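**Student:** Residue-level listing of the chains:
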Amino acid sequence: MRKKPGGVLGIVAVTAAVALSLSGCRGDGGGQGGGSASSPGITDSAITLGITTPLSGATAGPGKCTVAGVSAYFGAVNAAGGVKFGDGKTRTVNIKSYDDAYDPQKSLANFQQMVSDNVFAATAGLGTPTNRAFRDAAISQKVPQVLVMTGDPLFSDRKQSPWQLGFVPVYQNEGAAFGKLLAKSGAQHKVAILSQNDDYGKGYVAGFKDSIKGASNISVVGEQTYEATDTSVDAQLTQLASSGADVFFNAMSITPLTIASLQKAQQIGWKPIWFLPSNTSSPTAILEPGGAAAYPGIYSVSFAKAPQSPAFAKDPDVVKFLDELKQYGNYPDMPAFPHCMWSYMVGATLEKAFQNMKEPTRDSFMTALRDIKGLKAPLMLEGTSVDTTVDGQPAVSSVVVQKYNGKGYATAENFG
Amino acid sequence: MGTFIQLVVDGLATGSIYAALALAIVLVNQATGLINFAQGGMAVLSAYIAYVFVQLGLPLLLAIIISVVLSFLFGALVERFLLRRFERGDPDTAVVVTIGLLTLVTGISAVLWGYNNLAFPSLFPLTSVEILGAVVSVRSLATAVTIVVIMVVLQLLFLRTKLGLALRAVADNPASAAFSGLPVGRLLMVGWGLAATLGAIAGVLVAPQLTLTPGMLDTALVYALAAVILGGLSSPIGCVVAASAIGVLENLVAVYIPLIGHDLKIAVPFALIFVILIIRPQGLFGRKVVVRV
Amino acid sequence: MSTAATVRRPRVRMILTAVLAVALIAAPLALPAFANQTLIRIGVYAVAVLGLNIVMGYTGQVNLGQIFFVGLGAYVTAYGVNHGWNILLVFFAACAVAGLVGLLVALAAARLGGLAIAMVTIALPIVGVPLAKRLSDFTGGSQGTSARFTDAPDWSGLDNDQWQFYIVLVVSAAAFLLARSLVRGKYGRAFAAVRENEAVAASMGISPYRTKVLAFTIASIFGGASGFLYLAAVQYTSPETLSFGHSISLLAAMVIGGAGSIAGSLLGGAYYVFVPQLTNAIDPNLTTVSQGAILLAVLFLLPGGLVSLPRVVRRLTRRSATRRSTARPAAETSQQTPPAQHPVPDAAPEGPEQTERQDGP
Chain V
1 MRKKPGGVLG
11 IVAVTAAVAL
21 SLSGCRGDGG
31 GQGGGSASSP
41 GITDSAITLG
51 ITTPLSGATA
61 GPGKCTVAGV
71 SAYFGAVNAA
81 GGVKFGDGKT
91 RTVNIKSYDD
101 AYDPQKSLAN
111 FQQMVSDNVF
121 AATAGLGTPT
131 NRAFRDAAIS
141 QKVPQVLVMT
151 GDPLFSDRKQ
161 SPWQLGFVPV
171 YQNEGAAFGK
181 LLAKSGAQHK
191 VAILSQNDDY
201 GKGYVAGFKD
211 SIKGASNISV
221 VGEQTYEATD
231 TSVDAQLTQL
241 ASSGADVFFN
251 AMSITPLTIA
261 SLQKAQQIGW
271 KPIWFLPSNT
281 SSPTAILEPG
291 GAAAYPGIYS
301 VSFAKAPQSP
311 AFAKDPDVVK
321 FLDELKQYGN
331 YPDMPAFPHC
341 MWSYMVGATL
351 EKAFQNMKEP
361 TRDSFMTALR
371 DIKGLKAPLM
381 LEGTSVDTTV
391 DGQPAVSSVV
401 VQKYNGKGYA
411 TAENFG
Chain Z
1 MGTFIQLVVD
11 GLATGSIYAA
21 LALAIVLVNQ
31 ATGLINFAQG
41 GMAVLSAYIA
51 YVFVQLGLPL
61 LLAIIISVVL
71 SFLFGALVER
81 FLLRRFERGD
91 PDTAVVVTIG
101 LLTLVTGISA
111 VLWGYNNLAF
121 PSLFPLTSVE
131 ILGAVVSVRS
141 LATAVTIVVI
151 MVVLQLLFLR
161 TKLGLALRAV
171 ADNPASAAFS
181 GLPVGRLLMV
191 GWGLAATLGA
201 IAGVLVAPQL
211 TLTPGMLDTA
221 LVYALAAVIL
231 GGLSSPIGCV
241 VAASAIGVLE
251 NLVAVYIPLI
261 GHDLKIAVPF
271 ALIFVILIIR
281 PQGLFGRKVV
291 VRV
Chain R
1 MSTAATVRRP
11 RVRMILTAVL
21 AVALIAAPLA
31 LPAFANQTLI
41 RIGVYAVAVL
51 GLNIVMGYTG
61 QVNLGQIFFV
71 GLGAYVTAYG
81 VNHGWNILLV
91 FFAACAVAGL
101 VGLLVALAAA
111 RLGGLAIAMV
121 TIALPIVGVP
131 LAKRLSDFTG
141 GSQGTSARFT
151 DAPDWSGLDN
161 DQWQFYIVLV
171 VSAAAFLLAR
181 SLVRGKYGRA
191 FAAVRENEAV
201 AASMGISPYR
211 TKVLAFTIAS
221 IFGGASGFLY
231 LAAVQYTSPE
241 TLSFGHSISL
251 LAAMVIGGAG
261 SIAGSLLGGA
271 YYVFVPQLTN
281 AIDPNLTTVS
291 QGAILLAVLF
301 LLPGGLVSLP
311 RVVRRLTRRS
321 ATRRSTARPA
331 AETSQQTPPA
341 QHPVPDAAPE
351 GPEQTERQDG
361 P
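Protein chains in written order, with the UniProt record's numbering: chain V, 1 to 416; chain Z, 1 to 293; chain R, 1 to 361.
Here chain V stands alone, though its shape is the one from the complex:
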């Protein structure tokens, strides 16, 4: 396109003029003002949080939940007047969400947008690569990236990640909790392992294997992986079934594949005791359609009450949660993913930190956030709590092993 020279010159002239006038006032980007001056994203009456998470694509199901839970929690809190912060001011909490479609490059772009939108902190976003993509930027700009939904231990290492904190237990913890229970049983067990070929699956398996090290009664007789994009794991199941294992440790995060494997294994006549991770063990969405009652036992780990479970149908926490999810979270359905509950707890944890932060700064927020102990957030199971004071552990590190009883889950003290 040939532009008229006058046009180009005009543009250049304007650009140059703007450049000269702006270059003087261009500050240090998203950097910190020192002292007691308040950080970006917080005023005397409001604070803004940002969530970058997959809202489209294959992981959008859990991704939508991460926004819905936090929005539901603070929607209700705002309706009741807001949060009374540690500096004595009452503020409402605004949530801005951004779709990253599980693309690291987009999550970084969203983070940069957040900085330019004056967001106080990034929180609750789902995904290991997407959170890792802007971790360095968050550190160098001193923007909190906290209570994120990844079991990657890096986010809970204070030295390496001074402005980060994970929320959900590292994957290793979940695998280890089941392994300990199994080892404790004393009986001889042969274990077959199927895991997702990424840090999720690897974390589960590593935790499990560590916990059975030295337990002579447990032997691993088969180990296979699958890709999160696979449409079928029939071949892996056929292969593992031939190993003669009586315990099946299935670190799988894909809902339809979990249902299909529950169906497939019983078709080929393999009926071991199952272990399933916390995010693919929903009684109504997975176990019932999979026909889980055919197996001698289904174990899982959890720290959240499952709203679908009949045992919690009348639980006041659950009733309130579902109500707020509908009213403020723009999520009318029964949550199909536990991330809805988890991000609701993130809301409660953030509120606690807000109540304790003495100054309206990011520094003060991080200090307050790292000082929460024994918080029993709504929806948490007996025996679990939020504890942010331990280096190397995310906000929640305790899980309870549960056994499926045909309708819902009950806490399992012993294996068998």
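Keep in mind that the hints were calculated from the coordinates and are not lab data. Quantities reported herein were computed from a predicted structural model and do not represent experimental measurements. The reader is advised that the hints may include incorrect statements.
[As the list claims (entries may be wrong)] Chain R stretches covered by chain Z per the calculated footprint, using a threshold of three residues with CB under 8 Å from any CB of chain Z:
(1) 91-104
(2) 131-145
(3) 242-252
(4) 287-296
Beta carbons: idealized from backbone N, C-alpha and C, even for Gly.
Take the given structure of chain V and dock chains Z and R to it, following the hints.
**Tutor:** For chains Z and R alone, coordinates are given in the frame of chain V:
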């Protein structure tokens, strides 16, 4: 040995999912000369429509029939009002238009029904039967049989009927087809409508196993494309054979060659295609296209 | 004397180019950080789209795997940076490794028809993702790998985003100038001939095989360079970077910008970066719908891509001008269709379909 047969049977079942979609892609290609990336997305939309009618209380079979009819109309309308503008132009642009259509249709499904996995009822029971010592579910068996039937019907359509010949003529050379008095526009609409119909059947066949989500067929689309290229763009039989071969081969390689394993098994069909294309550039069953200067 | 003719004078062109260069150099100092960061990402993807355009837009070979070379370049860059290589060496390694892999793939695939290239290029990202996970010693596995090498040095007095802007500006400006002279020279003519008709090309003494291999290799090198820039901008890469879906988006961006057009590649890169930001601003819950709708709307209005906008506008205004007055059309037509007085007489056609000719980046 039991494991081996089971792996083969499992592979055939998985392959039939790819084959279902591959047939629809072949149909559009035969009828319009395009590769339609939106085929999977449109099939998912059809499955959602059937799901809505089931939720309204209609019997499953009736819901599927309604969805199939609506899909035909939808396919025809898409051709008339969207693709028509690009059919004479740069083929790359037309392909990108189908990519845009895929995005839009997937987005519409997501807005209307969300991203949660919805349980879709199956026409066939989940009980299983034993063949040669291998266990296979009636559902997988019935899916495979349905696909073979569709394949035969398509093969006959293209080779034995006037409509099929006309469709192919239009795809091959619209200008000379118009000269010989064929209603080119209407034939293109019929081609797209038929492909959408086929996609709808594929969608409801595989939805019970994969569960309904907007991206249900995203992975299957890639395999279907591979099967179509391996089998030859012009051959329904070829693409079904290729899809089955891909499913079986993947399983066997993953299990019996541990170095490749389940993570890299996806490379095997592509390597195979590559070797076959070097030997037979037109695909396993495709017709040789003579390039005129 | 018409203004358009004035622009074609070499001196005026030189002045304009200089002014544009000054504007680009001054921009990051004036713009807010987020604008710079957006421009940086546009540069990253513009180079990738440019490579894709050379093999697909100019040479007519379908390539569905360009993102693989971007990812490869990014991984090589991360590996080099984390092993303390000199940064220039890292850059050349990123281009060379991607180019070498591209050459090997093309040597085999280009022997076959377009179908084989399409298939092989589909396979690249699809096999690439599990392969990247498998080779975790080099790639960091599914957790990905970080590499920081683009923090602004103290002596520069610049912010990080400004420093990165200049890195991206230098590399992408070089890439665009290189591509421009390439497609305007004898290779450009060979590309166009192969795209039009391979048999005719062969009869003109142009080897379709070698031309295709050359175009594919160049595209891969540009992909590797784009991967280097990706790491300069994002400082992190993981297997998700090279997923098939992104490759399809790159292809869409190329066609939307304008196939067979250098400036179209820049517009394609801008589209790739802007549209997700725009749809996020509209409603983060509706990004898929709005992205699909935008793509279809753009192509429906401008089947030749964004780069054809001025031509379409001009055609429309000409039509109305003709209707208004019958006295001026002759003069206007002469400046709107200037094939005879083109500034570079020996230039090869940039693309077979009538995409607008571009004058410089």
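**Student:** Does each hint fit the structure? Answer for all of them.
**Tutor:** Status of the hints after comparison with the structure:
1. 91-104: violated (count 0)
2. 131-145: That given contact holds, which follows from 3 residues of the segment 131-145 of chain R lying within Cβ reach (below 8 Å) of chain Z.
3. 242-252: holds (count 5)
4. 287-296: The restraint on the segment 287-296 of chain R holds, since 9 of its residues have a Cβ under 8 Å from chain Z and three suffice.
Violated hint for the displayed structure: number 1, the only one.
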